[in-house]
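Engineer: Here is how the chains run, residue by residue.
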Amino acid sequence: NAGVTQTPKFQVLKTGQSMTLQCAQDMNHEYMSWYRQDPGMGLRLIHYSVGAGITDQGEVPNGYNVSRSTTEDFPLRLLSAAPSQTSVYFCASSYMRGGLTAQYFGPGTRLLVL
Amino acid sequence: DQQVKQNSPSLSVQEGRISILNCDYTNSMFDYFLWYKKYPAEGPTFLISISSIKDKNEDGRFTVFLNKSAKHLSLHIVPSQPGDSAVYFCAASEPSGYALNFGKGTSLLVTP
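Those sequence lines, one after another, are chains A and B.
When we follow my numbering, the leftmost residue of the first sequence carries the number 1, and every step to the right adds one.
When we follow my numbering, the leftmost residue of the second sequence carries the number 1, and every step to the right adds one.
Honestly, the hints are just simulated from the structure, not real lab data.
Don't take each hint at face value.
Unchecked claim - Here are the computed lysine to any residue pairs in the SDA-like style, where the Cα-Cα straight-line distance is at most 25 Å:
(1) A/K9 x B/K104
(2) B/K37 x A/T7
(3) B/K54 x B/I20
(4) B/K5 x A/G40
(5) A/K9 x B/K54
(6) B/K104 x A/R68
(7) B/K71 x A/G40
(8) A/K9 x A/P83
(9) B/K37 x A/H29
(10) B/K104 x A/S69
(11) B/K68 x B/D31
(12) B/K104 x A/N28
(13) B/K71 x A/R97
(14) B/K104 x A/A52
(15) B/K104 x A/G58
(16) B/K54 x A/T101
(17) B/K104 x A/P107
(18) B/K37 x B/N57
(19) B/K68 x B/G83
(20) B/K104 x A/P61
Okay, chain A solo, but in the shape it has when bound (with noise of 0.2 Å):
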C-alpha cells in the first residue's frame, strides 16, 4: 500500500503558466480533497470529491480546477498561475461514513510562483 501518494514534490513557475498536481490513493477511498497551507494559515481547503464524477468547491478555490475521473486519481490544476498560489499543497482521501472519517495525507507538493 503506497497510500497517497502526490507529484511532484517541488515545482517552481512563472506567473500565468499552468501545471497539475497529481495526486493518487490505492486504498479505494471514496473521498479525496486538496488543501493548501501556507504559514500561519493552517490548513485550507481547496476542491473535494465525494466520488468519481463528482466534485465540489472548498474554502478557496479561485485558479484551480478539479476532475475525478477515477476512484484513485484526483489531480489538481492551476490555469494560470499567480504568485497568491504559492504554498504547500496537499492531497488527502477517506473513506465516508455518513460524514468524514479520518484523512489520510499525501506528503504534499511544494509550489513557487514567480
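With the hints as your guide, set chain B onto chain A.
Structural biologist: For chain B alone, coordinates are given in the frame of chain A:
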C-alpha cells in the same frame, strides 16, 4: 472566519512531562473532532479523533478530551517524548459534512 482556533502558536515541554494542546471551536454543529501531527516537509498524520457523543478518547500516550458546553477540546500527551516535537493541528467537521475545518496549529517542542 476561523471556526477552529488554536490560540497557542507554540508550546515547550520537558521530556517525560505532560503536554496539553488546546483547541476551541465556534460552530455548535461540529460533531467530529480530530488531531493531526505534522513534521516539517511531510504531510499531516492522523493521531486521534473523538465524536461528540463521547467526552474522552484514549490511544496509548494520547488522550483527547471534549467539553461540548465550552466548545473546547484538548490533546494530552503523557509522557512527552522528543519525537513528539511537531506541529499539531486540531480539525472538526459537521455531521454528513464534506470539509474538515483546521486550526492554525500549535508547534510542540519536547526538550530532553
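Engineer: Now look at each hint and say whether the structure bears it out.
Structural biologist: Tested hints:
| no. | hint | in the structure |
| --- | --- | --- |
| 1 | A/K9 x B/K104 | 23 Å, holds |
| 2 | B/K37 x A/T7 | 22 Å, holds |
| 3 | B/K54 x B/I20 | 19 Å, holds |
| 4 | B/K5 x A/G40 | 12 Å, holds |
| 5 | A/K9 x B/K54 | 39 Å, violated |
| 6 | B/K104 x A/R68 | 29 Å, violated |
| 7 | B/K71 x A/G40 | 22 Å, holds |
| 8 | A/K9 x A/P83 | 18 Å, holds |
| 9 | B/K37 x A/H29 | 21 Å, holds |
| 10 | B/K104 x A/S69 | 32 Å, violated |
| 11 | B/K68 x B/D31 | 9 Å, holds |
| 12 | B/K104 x A/N28 | 29 Å, violated |
| 13 | B/K71 x A/R97 | 24 Å, holds |
| 14 | B/K104 x A/A52 | 31 Å, violated |
| 15 | B/K104 x A/G58 | 17 Å, holds |
| 16 | B/K54 x A/T101 | 16 Å, holds |
| 17 | B/K104 x A/P107 | 19 Å, holds |
| 18 | B/K37 x B/N57 | 17 Å, holds |
| 19 | B/K68 x B/G83 | 31 Å, violated |
| 20 | B/K104 x A/P61 | 19 Å, holds |
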